[in-house]
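Undergrad: Sequence:
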Amino acid sequence: MQIELYKKLYGSLVNYAAAMGIDEVSLQRYFYPKRDITSKGILIRLCSSLQNSGRMRNSIKFNDKDTTNRMIIKKVLFDFNTKKSASIYHEWTSIYDAMLDMGIIDKGMKKHTATNWEKYCRGLYDGLQFLTVDNGEKIIADLVATSNMTDKELKELHAISKKIHGLGLSLTCDWLKDCGCTWLAKPDVHIIKVVRYMQSDDKLNEEDVIKEMFSWAQAVKKSGTDKNATAYKIDKIIWLLCTGTFYLDDNRIGREAIYRTIDSLR
42 MQIELYKKLY GSLVNYAAAM GIDEVSLQRY FYPKRDITSK GILIRLCSSL
92 QNSGRMRNSI KFNDKDTTNR MIIKKVLFDF NTKKSASIYH EWTSIYDAML
142 DMGIIDKGMK KHTATNWEKY CRGLYDGLQF LTVDNGEKII ADLVATSNMT
192 DKELKELHAI SKKIHGLGLS LTCDWLKDCG CTWLAKPDVH IIKVVRYMQS
242 DDKLNEEDVI KEMFSWAQAV KKSGTDKNAT AYKIDKIIWL LCTGTFYLDD
292 NRIGREAIYR TIDSLR
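Under our numbering, the sequence shown has 49 at position 8, and the numbering climbs by one with no breaks.
Heads up, a few of these hints could be off.
What the hints assert, rightly or not - With a Cα cut of at most 25 Å, we get these calculated SDA-like pairs of lysine to any residue:
1. K75 x A186
2. K116 x I145
3. K115 x P74
4. K268 x D249
5. K81 x G149
6. K193 x E247
7. K204 x T154
8. K179 x A155
9. K234 x L195
10. K81 x L289
11. K203 x D175
12. K252 x A200
13. K49 x K234
14. K124 x T134
15. K263 x F72
16. K244 x M42
17. K49 x D229
18. K75 x K102
19. K148 x S100
20. K268 x R70
21. K115 x E194
22. K263 x I233
23. K75 x K252
24. K75 x N93
25. K125 x M143
26. K75 x M42
27. K203 x R98
28. K75 x T187
29. K148 x N99
30. K116 x G82
31. K203 x A186
32. K263 x V66
33. K262 x A186
34. K203 x S188
35. K48 x L195
36. K268 x Y71
37. K179 x P74
38. K81 x D142
39. K81 x H131
40. K179 x D120
What the hints contain is simulated information worked out from the structure, not anything from laboratory work.
Please model the complete structure; the sequences and the hints are all you need to start from.
TA: Dropping the structure here:
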């Protein structure tokens with residue numbers, strides 16, 4: 042089923058893209074991350090992934106076209122200089138205060154729970170500590186360099202997810218795959234729902250889904266169907282079909298009935 046489903050999903054995506062003037066060659070841009078494992082590149086992607094939790098992106102707006110917040114974050118982090126930022130900020134509150142001083146307006150309701158900006162700054166501080174004190178940049182570079190998934194890699198994913206406030210396993214995968222870990226898929230709501238439906242198992246957890254996506258990509262590659270198949274690529278195919286958002290081309294279509302495609306192969 043994995044091979045036939047891949048063919049159908051990829052074919053559907055190609056057809057939808059073509060209808061919007063995006064040919065198959067141009068479509069390939071979505072399937073390869075920029076693979077930037079420079080110190081600056083890793084921190085920029087952390088800034089992006091940390092805001093991808095729930096409604097936090099509505100507050101942080103790091104990736105929005107309105108670049109006001111992004112420019113403030115850039116200034117606070119000294120043009121995304123990891124070492125300098127880590128040497129200046131000795132607690133998360135100092136990052137938070139710097140954000141406010143630079144013009145960030147925290148509209149969060151502050152009673153017994155932290156605001157989104159406070160959570161974000163805690164994550165940034167933990168991330169800076171991981172990247173510098175815990176040798177995180179080398180750990181990430183090593184993970185990007187591998188093409189396999191073993192207990193060792195899974196252990197590293199869990200370790201990172203627990204060290205950085207607000208990241209969790211899903212956003213850890215989001216961060217690392219955008220750094221260049223093409224063997225990884227992000228177990229977000231779309232991917233989890235599709236894999237559970239495909240396997241007829243609603244009890245699959247995030248780690249199970251990560252493993253299933255890796256296994257799926259390996260099966261497609263070994264079958265000769267697509268020698269460039271990766272978990273990252275299948276992740277993007279599913280995400281594009283589920284959301285209809287071709288973000289690199291500023292285009293959007295209605296959502297595809299991906300579950301009917303799965304049913305047709307049962």
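Undergrad: Next, verify each hint and record whether it holds.
TA: Checked hints:
no. : hint        : result
1   : K75 x A186  : holds, 14 Å
2   : K116 x I145 : holds, 12 Å
3   : K115 x P74  : holds, 22 Å
4   : K268 x D249 : holds, 24 Å
5   : K81 x G149  : violated, 29 Å
6   : K193 x E247 : holds, 17 Å
7   : K204 x T154 : holds, 20 Å
8   : K179 x A155 : violated, 31 Å
9   : K234 x L195 : holds, 21 Å
10  : K81 x L289  : holds, 22 Å
11  : K203 x D175 : holds, 13 Å
12  : K252 x A200 : holds, 17 Å
13  : K49 x K234  : holds, 18 Å
14  : K124 x T134 : holds, 18 Å
15  : K263 x F72  : holds, 18 Å
16  : K244 x M42  : holds, 20 Å
17  : K49 x D229  : holds, 22 Å
18  : K75 x K102  : holds, 21 Å
19  : K148 x S100 : holds, 8 Å
20  : K268 x R70  : holds, 16 Å
21  : K115 x E194 : violated, 31 Å
22  : K263 x I233 : holds, 24 Å
23  : K75 x K252  : holds, 23 Å
24  : K75 x N93   : holds, 19 Å
25  : K125 x M143 : holds, 18 Å
26  : K75 x M42   : violated, 31 Å
27  : K203 x R98  : holds, 21 Å
28  : K75 x T187  : holds, 16 Å
29  : K148 x N99  : holds, 11 Å
30  : K116 x G82  : holds, 15 Å
31  : K203 x A186 : holds, 22 Å
32  : K263 x V66  : holds, 23 Å
33  : K262 x A186 : holds, 19 Å
34  : K203 x S188 : holds, 23 Å
35  : K48 x L195  : violated, 28 Å
36  : K268 x Y71  : holds, 16 Å
37  : K179 x P74  : holds, 19 Å
38  : K81 x D142  : holds, 23 Å
39  : K81 x H131  : holds, 20 Å
40  : K179 x D120 : holds, 21 Å
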